[in-house]
Amino acid sequence: MKKINLKTRPGFKLKLFLFVFFALSAIFPIQASYAATYQGTARAIVQIGRVSSNCPQGWATTGSITQGPMGHTSHGEPPVLIGSGELEAIDIGTPIGTPVYATVSGRVTENFKNKGSDLDQRITVAPNCPGLEVVYYWHLSATNVSVGDTVLFGQQIGLSGVEGTGPHTHYQFNKYKDRSYSISDPPHVPVSIPRYCDPTPCGITITSAP
Amino acid sequence: MNLTAISQFIKKYTGMILASAVIITLVIAITIIYQNKKTSQLPLLKPPQLALFSIKIKSLDTQNLKEPKNIIYLLPTYASELNSDFLKESPALASKLGISKNPIQTKDVNLGQGNLYSDQNSVLSVYKNSISYQKLNLKPQKGKFDKDQAAEIAKKYLSSLGLDTSFLNLAGSTLETIVGDNIVETQDPNQADQINLNFSYALSEVPIITNSLPTNASVDISGQVTSFNFRPLGNPKPLNKYPLIKYDEVIQHLQSGKGSVILIEGLGSYASQLSSIDKVTVYNPRLAYFIPQDLSAPIQPVWVFDGQATVNNSQIYLTLALPAIQEKFFTKPSTLSP
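Residue numbers (the numbering used here), protein chains in the order written: chain B, 1 to 210; chain G, 1 to 338.
If you're looking for bench data, these hints aren't it; they were derived computationally from the structure. Cβ coordinates follow ideal geometry from the N, Cα and C atoms, glycine included. Hints should not be assumed to be uniformly reliable.
Straight-line alpha carbon distances no greater than 27 Å define the calculated DSSO-like cross-link-like pairs of lysine-lysine that follow [what the hints assert, rightly or not]:
| no. | chain 1 | residue 1 | chain 2 | residue 2 |
| --- | --- | --- | --- | --- |
| 1 | B | K115 | G | K279 |
| 2 | B | K115 | G | K142 |
| 3 | B | K115 | G | K144 |
| 4 | B | K115 | G | K56 |
| 5 | G | K241 | G | K101 |
| 6 | B | K115 | G | K241 |
| 7 | G | K328 | B | K115 |
| 8 | B | K115 | G | K139 |
Covered stretches of chain B (in silico footprint by chain G; criterion: 3 or more residues with CB under 8 Å from a CB of chain G, positions within the stretch not fixed) [to be verified]:
| no. | region |
| --- | --- |
| 9 | 95-105 |
| 10 | 162-168 |
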């Protein structure tokens, strides 16, 4: 049987190039459309179906993201506890009194006022999401849930308030044992958030929640 | 004195001595029985909801503890009688603060009905028994602060809004700096943009401690009040007096892990994320009245300890509290039937 040397066949390099090109282009368009499906709201995530219903998904409230997880204004602040400074938190600038929703089902473990302020009430939810210990909703001007209550995904838990010099809601995952729970990337938030944005380069407006 | 005289003396006074002894014994017995009956008739209380932070303390150093002097082991609980209804006054209050927009009506699980006012410059929330106000878009302006002078400015400002400041005593102050849109505590006087003043007062000459400060205000270098939280206690009315846990017993409770962390300093906004501390050195034991978040519950005396710990090479300061009323006067937690 005659052996055919493929490398010496005419047009082989061209065919190989075309093969690699089409193979790569077959992969990248998928990723592009994959990313595109995250534009918009939590509904996109549900379509993909990669998030456990016990884990956070969607936005806690509407508004504009004013600080990313490692923004220097306040999210770069917590070296004492977090050590690495990687705080899985985002600030959503929103008018006072905007509804805030649970992004995950779980049990309310804290509801308290920061420094006695009715405008900065803070709720902590222990989700049923494996490895994720707590989800925080901070700077609320009113709260609808008490410690011990069970909250469901999508349930309104309060109204946005203020902390510092501007109205916003602080939404955070923390004390995570599994670092895959990133608040700056899908699937636990609908779109990627620049980790260092603070505030102008964030450029993300949220029009529906959760 | 010979034996005959002694014998006559005993015969003469024995009856009287015996009678006196019996009477004294009876009086003591009756007093004890009465006291026991009186305390056994005291209404049962719910244990105070002290724990704000779920922190596990692995070991306690109690070597620096000294028993406080002049402790009164029988103190009343107090009912907070709030006659105010700020909600009715909220339009006038908003107007005085320069907010002309209509409020959003809210209902808070802890605070009840409320009105939420906001515009470009400030935010105001008014509930029946509390008011919170915050100026927005603050700009840093460094300066030296005098806490007493700032406290007078704050009290005068609150009075000008029609709020009763007669009970306010300055309990402490912290310096704050503005970083971006964040306001954080600073120890450096050269970095201070404003001073935050905490006001409190005492009941039965016992100071009040709370994890929900009744009243505080921030004043900037121009003498402008940039924020305040106002939560009056009205005229707390003394209720029944309860016997308190003795010092030695409370130390045992503390060492057996019954203490609750009610305040943490040194961790900024992230105190609630601290889950455990290896070692806390406790000092300054004292009694205090604890103001519960729910003002319909009686105000109770509690034992309080200051604590110091190191977390990730940083010093933090804690306040620990334990119920001071004897455990038998608390309702037992309900048990679920299978």
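Now for the hints, and whether the structure bears them out:
no.	hint	result
1	K115/B / K279/G	26 Å, holds
2	K115/B / K142/G	22 Å, holds
3	K115/B / K144/G	23 Å, holds
4	K115/B / K56/G	22 Å, holds
5	K241/G / K101/G	48 Å, violated
6	K115/B / K241/G	31 Å, violated
7	K328/G / K115/B	33 Å, violated
8	K115/B / K139/G	21 Å, holds
9	95-105	holds (count 3)
10	162-168	holds (count 7)
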